[in-house]
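Here my numbering is used: the first residue of the sequence shown is 112, the next is one more, and so on.
Source of the hints: derived by calculation from the structure; they are not laboratory data.
Because the structure is a prediction, the values reported are computed rather than measured.
C-beta: ideal position from N, C-alpha, C; glycine also.
Heads up, some of the hints might be wrong.
Label pairs and their calculated CB-CB ranges [stated by the list, open to error]: (1) Val115 x Arg154: 12 to 22 Å; (2) Gly165 x Asp134: 25 to 35 Å; (3) Pro164 x Arg129: 12 to 22 Å; (4) Gly165 x Met112: 31 to 41 Å; (5) Gly165 x Glu128: 14 to 24 Å.
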Amino acid sequence: MQTVQKIYCPNCGCQAERYYISDSQLTRTQCSSCDYLMISCTRTGKVIEAYAPGIYAQR
Numbered sequence: 112m113q114t115v116q117k118i119y120c121p122n123c124g125c126q127a128e129r130y131y132i133s134d135s136q137l138t139r140t141q142c143s144s145c146d147y148l149m150i151s152c153t154r155t156g157k158v159i160e161a162y163a164p165g166i167y168a169q170r
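Taking the hints into account, I'd like the entire structure generated from these sequences.
Here it is in structure tokens:
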């Protein structure tokens with residue numbers, strides 16, 4: 112089962128969507144305006160995959 116929640120994108124502030132996918136215990140947050148994506152485990156909170164153009168990782 113999947114639940115969709117309308118949120119504001121943490122990257123650009125536009126409207127985005129958060130999907131709670133109970134079958135696989137995943138949460139997917141995505142924004143079509145800036146191409147932000149984050150998939151995390153609902154149970155542990157660990158990030159499985161993330162993509163945020165414009166946010167640079169420190170080295």
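Structure-based check of each hint:
no.: 1; hint: Val115 x Arg154: 12 to 22 Å; result: 19 Å, holds
no.: 2; hint: Gly165 x Asp134: 25 to 35 Å; result: 32 Å, holds
no.: 3; hint: Pro164 x Arg129: 12 to 22 Å; result: 19 Å, holds
no.: 4; hint: Gly165 x Met112: 31 to 41 Å; result: 33 Å, holds
no.: 5; hint: Gly165 x Glu128: 14 to 24 Å; result: 19 Å, holds
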